[in-house]
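If you're matching them up, the sequences are chains A and B in order.
If you're matching positions, the first sequence starts at 1 in this note's numbering and goes up one per residue.
If you're matching positions, the second sequence starts at 1001 in this note's numbering and goes up one per residue.
Rather than coming from a laboratory, the hints here were simulated on the basis of the structure.
It cannot be assumed that every hint is accurate.
[Unchecked claim] Below, simulated EDC-like cross-link-like pairs (lysine to aspartate or glutamate); rule was C-alpha separation at most 16 Å, straight line:
| # | chain 1 | residue 1 | chain 2 | residue 2 |
| --- | --- | --- | --- | --- |
| 1 | B | K1081 | A | E111 |
| 2 | B | K1004 | A | D10 |
| 3 | A | K112 | B | D1076 |
| 4 | B | K1081 | A | E20 |
| 5 | A | K6 | A | D35 |
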Amino acid sequence: MKIEKKELVDELIERSLKGEKLSISRLISMVERSDEYAPYIMEKISPHAGKAYYIGVTGPPGAGKSTTVDRLISMFCKNNLSVGVIAVDPSSPFSGGSLLGDRVRMNVKSEKMDVFIRSMSSGRVMGGLARTSKEAARILDACGKQIIIIETVGVGQSELDIAEATDTVVVILTPESGDSIQIMKAGLMEIADIFVINKADRPGAEDISTSIRGMLKRSLRKRDWDPQIFMTSASISKGIDELYAGIWSHYDHLDENSRLEQRRKRQLRQELHTRIENEFAKILWDMVHKKDIEQVVNDAWLRRADPQNTAQQFVWSSLRDSGLWPQKQ
Amino acid sequence: MDRKIKVVMAKLGLDIHWRGVYLVSQFMKEAGMDVVYLGNKFPTEIVEAAIEEDADVVGLSSLSGNHLALGPIVVDMLREKGLDRVKVFMGGVMPPDHAKRLEKEYGVQKVFLPDTPMQEIIDGINAAVNNTH
């Protein structure tokens, strides 16, 4: 039985690498659902990835991310490039279900275009991406898509995972996105390589653009790239040519002096750091007895103990009990 | 293992009656399913989306009389593309004997006519999908 499945997975991988859509789709699902073969799939797929150009599109809900992505897809296709899209929307904290609506705006697809769009629900992750968005993107990359666009959930000020997953980050705002104080705040505004003021036909577009320009000018942060600002009205395809050229100018910038490599290596370092941390946590959690935790909760509750100290004492005593750590002298 | 049901929902062709499909989509979300809503789409695009999303279920809403014209095409195209395990459900307004024909002759798993209790829709989908796994 086991052997049969491995053969099936090998065949799926082989077909996917040839670009067969159904197989690619199945692979993404297996990884998404943490199938027992997910690590095997990623091990086989990864060496083929790394050739695509990764673009992240983020911004608040309703800013026009999906519509802009739709217009960018047709621009890339017009230039004979194949495109993979990962579109993330939020999961319900109550039911775990989701309503993934990004495809509603993505209408330009015709059979002639080499495009693969996959919707994902974010699950319990709070960074704007799903747990396996990066893996799904990597699969599309390995299977021959030249451009990868990752669209985040509609984010607030601090969902910044996209900056660690892509080469170029496009932050999409609207004229209503706030005054100059909002623009000066940390987080979302700091990760943009490219700003888009969408719905720029509405009043206030110039003001927000001026605020962004001011914020960038005052910044002390050393940048080798000056983030650009583009005005668009994506629904009527206005300003898209300029945005498209802007995205490529950032790519050209990355292409010089091995900046792209540096950026990706920094991201890899960050990703490995997080994953190693998670592995450690998993191992340590396995050592802890669930019963003990219930006891600690009750005890802390009765004593009105401080959670931080309680947690620390619990971890240290667990480590000592496990023999992994020397007993107190 | 995380095994949520993934549904691709669409308004069939040029049908503007969106309220029903919205309501059912929202209910599916609240029942823990991942619902990819496509808006108005024709069979080719619906099948394309079902492939890319690796859908378990395709839900088609039709209240404009195109159910017999377009519904069977979606089923046929799915089978042609090798998506044998994808269940097709339809909902909307149509003569009851058309609904029967869609189920009996055209391979539609089930047609939900007006006044179907929401829970019945959810249960029907759950049962059909769990039978295949």
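query: Is the Cα-Cα distance between B/K1081 and A/E20 16 Å or less?
result: Holds - the C-alpha atoms of A/E20 and B/K1081 are around 11 Å apart, at most 16 Å.
task: Measure nothing beyond the straight line between the CA atoms of A/K6 and A/D35; if it is 16 Å or shorter, mark the hint as holding.
output: holds, 12 Å
field: Restraint check for A/K112 with B/D1076, where alpha carbons must lie at most 16 Å apart
entry: violated, 21 Å
field: Restraint check for B/K1004 with A/D10, where alpha carbons must lie at most 16 Å apart
entry: violated, 24 Å
query: B/K1081 and A/E111: Cα distance at most 16 Å?
result: holds, 14 Å
The structure shown violates the earlier hints numbered 2 and 3.
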